[in-house]
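Two chains, each in its own frame: build the complex with the hints.
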Amino acid sequence: MTDSDHELMRRCRQGDSAAFDMLVRRWEAPVNRILVRLAGSHVEPGGSNLVSARTDVDDLSQEVFVRVLSARHRYRNTYAFSTWLYRIVLNVTRDAARRRQARGKLLNNHRPVTAAETPPEAASRQEVDQQIAEAVSALPGDLREPLVLRHFGELPFAEVARVTGVPLGTVKSRVRTALLKLRAELKNRGIDERELEP
Amino acid sequence: MNCTKVKDQLVDLLYDELPVQEQQAIRNHLAGCPSCRDEWNNLHAGHSLLDRLPDDDPAPGIEVARLYQTAERRSNRSRRCWRAGAVAAGLVAALMIVVAGAQLRFERYPTHFVIAWDHPPKPAPVEPKIADPWPTLGAQQVRFQEINQLLELMAREVLAVESRQSTDLQRLKQRLLALETNHDQRWNLTLAEFSRKDRELADVRLSRPNEN
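Here the protein sequences come in this chain order: A and Y. For what it's worth, our numbering labels the leading residue of the first sequence as 1, then goes sequentially. For what it's worth, our numbering labels the leading residue of the second sequence as 1001, then goes sequentially.
One chain only, chain Y, in its complex shape (with noise of 0.2 Å):
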């Protein structure tokens, strides 16, 4: 037998719960094994110092009246509190019905009877009534007049714009314009420059004909 089997059944030997011949080729084991004879010796000191403890045994007290009583209260406690949750849930369930009942559309026809389940046909619209806001002409007359003046700060407004956007287009033209002239005279002037360096070339070419 190996250390880890006789291990493992020290305590079905500490209870005696192994046949004879285990016990006495455990027994056997643990004479020449230190390493299980100290575990057993453990696990017997544990067991030894359980078996001291007094058997703490009340004397017999219980009333089993009371404990029909308490199973009885208890049973009622908890049929009552099914019965709430019946109540509740039928609760529940009637306004359900209520909430689907104005859903539920019956009709009766000449030949047939139709129970429909959608909502209830819309009633058509009605044309809203607009109220004259100027019962009187006077009133007309005054409205009429804000909206002409009102207008006209409107027109006054967008030609003052318009005056505003002529200047700043006419200022922004003149100064492309002095852009324009301003290159066209330093182009020129490149040009020129351009013609008197080639000149100057040519004639250094033609005074010095026999150096090459």
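So here's chain A without its partners, still in its complex pose (with noise of 0.2 Å):
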């Protein structure tokens, strides 16, 4: 029977090891795989982007893990663990935001659509998946975060409301308007999802 967040936090805040192993484990690839769409996509000079931003997101998730150990004591089990580590997550793509809007490194990453580009309809799927994943780290942030959780993270409404603290009608109406934004921004790149292959 394995055992539950609550009960692996209680035995990590006893000093057991092996306890946060084992949620480090459970929860590495779900915090991952927000972070890759919270973080953004951003260069720096002269290196590979995507290497780059592998390493911010291997860098990001490790911060998320610290956090939660540096701040075991002061877990409470009043709402779902992932409640508050997304909290920490959230916590700690703002603050790589702020730390790299104050370096002056975050770049625009809308790309301007030019005719020399290559039509979609002949566009490699990585092309394509490069492009959509542009779009989503173009979104303001207010509308990227409540549909990463949603989306990637699978949490459902409610539990965005809680980590985002923002009310969950408004949580529901900025879902829906990055959706629309979303499509709207890569329709003007030239990318429809009816063209695309499967």
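Everything labelled a hint here was simulated from the structure, so no lab data went into it. A couple of the hints might just be wrong.
[Said to hold, decoys possible] Covered stretches of chain A, as calculated for chain Y (at least 3 residues, CB under 8 Å):
(1) 20-31
(2) 61-68
(3) 148-161
[What the hints assert, rightly or not] Below, computed lysine-lysine pairings styled on DSS-like, alpha-carbon distance capped at 25 Å:
(4) A:Lys-187 - Y:Lys-1007
(5) A:Lys-181 - Y:Lys-1005
(6) A:Lys-181 - Y:Lys-1007
[As the list claims (entries may be wrong)] Label-pair distances were calculated between CB atoms; the ranges are:
(7) Y:Gly-1085 - A:Gln-14: 25 to 31 Å
(8) A:Asp-59 - Y:Ala-1102: 53 to 59 Å
(9) A:Gly-141 - Y:Val-1099: 46 to 52 Å
From the three backbone atoms N, C-alpha and C, an ideal C-beta is built for every residue, glycine too.
In structure tokens form, the structure reads like this:
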């Protein structure tokens, strides 16, 4: 029988490193999935975009679990562990975004479409995925956060509302706006889901 | 169902968070409402595009031991910061006590003991010693002579000013007198003129007794 998150956190507070290890293994992938979409893609000068983004996500993921470890004595099991964890994830990504902005390294991910660009029918799947990822990154933070948590984190709307501290109705409205904006943006870039290969 | 309510619930339908009955009601509405169907298609398209993105799960790679080390290092750093802050606060407090201590007064009397918080009593003022500026008589005489000369100069200056003022006053008086004389003459002339005119008028009246 697998231990619940609450039980693992209780043991972790008592200094059981094996319990913390289990928590990390259980939540590492979901946290990374959210971080990849929340942190957005940004390029390091002179570096590889992909490698840089990967490294950043790994660093952020590590930062999330360090904060979990540091704050384990303040953890209360009032809500689901995931709510507490994703709140930390949001804080870590927001801090990272602020740091990037302070360093002036946050670049505009929106690439204008030019006539010379590859037409969508000929574009490879990877290129289309890259465009979609960029469009998600280009969404404003208050729209991107609920969308990513709902879509990639697969959190119900009510939990997204608890994590973000925003009313439920506002969360739904923001997800709706985000999806519509995303569709419009990708359409502008010449990407239509009906013409894409499945 | 109206369109506003349906549009509000489309994301619930999209993410499968609606009870079956409501799902059916919304689908029925969509079948007959082009505006809501259009929005639904757009939302669904956005959703499908996001679904295309691969699950970018990295291989589990976080070393828990490293997390513990990092957390421990941060905790130590934070503790060091607190300690440094506490030491700084202690120093400030000590400094304040030293400064405040200068104003604390302890006095022991045969019958009681006094601890007072005030400024220490000021020492009695000492009469300043004035050094003799002219230690010798000769120097004093020279100084007196200088003062006498200075006084004479001042007196001469005052007399000269008085003399100038007296002359000016005299001149002003003469001017005033001349003005008064001139004024009297003109007044007399005016009176004489009036008398003459009066007489002429009387003569004219006497020479034309029957004209009225």
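Here's how the hints hold up against the structure:
Three residues within the 8 Å Cβ limit are the bar, and the region 20-31 of chain A against chain Y gives 6, so the coverage statement holds. Using a Cβ-Cβ cut-off of 8 Å, 4 residues of the region 61-68 of chain A lie near chain Y, which meets the minimum of three, so the contact claim holds. For the region 148-161 of chain A, the proposed coverage by chain Y is satisfied: 5 residues have a C-beta within less than 8 Å of a C-beta in that chain, meeting the threshold of three. With a CA separation close to 21 Å, the supplied pair Lys-187 of chain A and Lys-1007 of chain Y stays within the 25 Å bound.
Restraint check for Lys-181 of chain A and Lys-1005 of chain Y: the C-alpha separation of about 20 Å stays at or below 25 Å, so the hint holds. Taken as a hint, the Lys-181 of chain A and Lys-1007 of chain Y pair is honoured in the structure, with Cα atoms around 16 Å apart against an allowance of 25 Å. Roughly 30 Å separates the CB atoms of Gly-1085 of chain Y and Gln-14 of chain A, a value that falls within the hinted 25 to 31 Å. With their beta carbons about 55 Å apart, Asp-59 of chain A and Ala-1102 of chain Y fall inside the hinted range of 53 to 59 Å.
Between Gly-141 of chain A and Val-1099 of chain Y the CB atoms are about 51 Å apart, so this pair conforms to the stated range of 46 to 52 Å.
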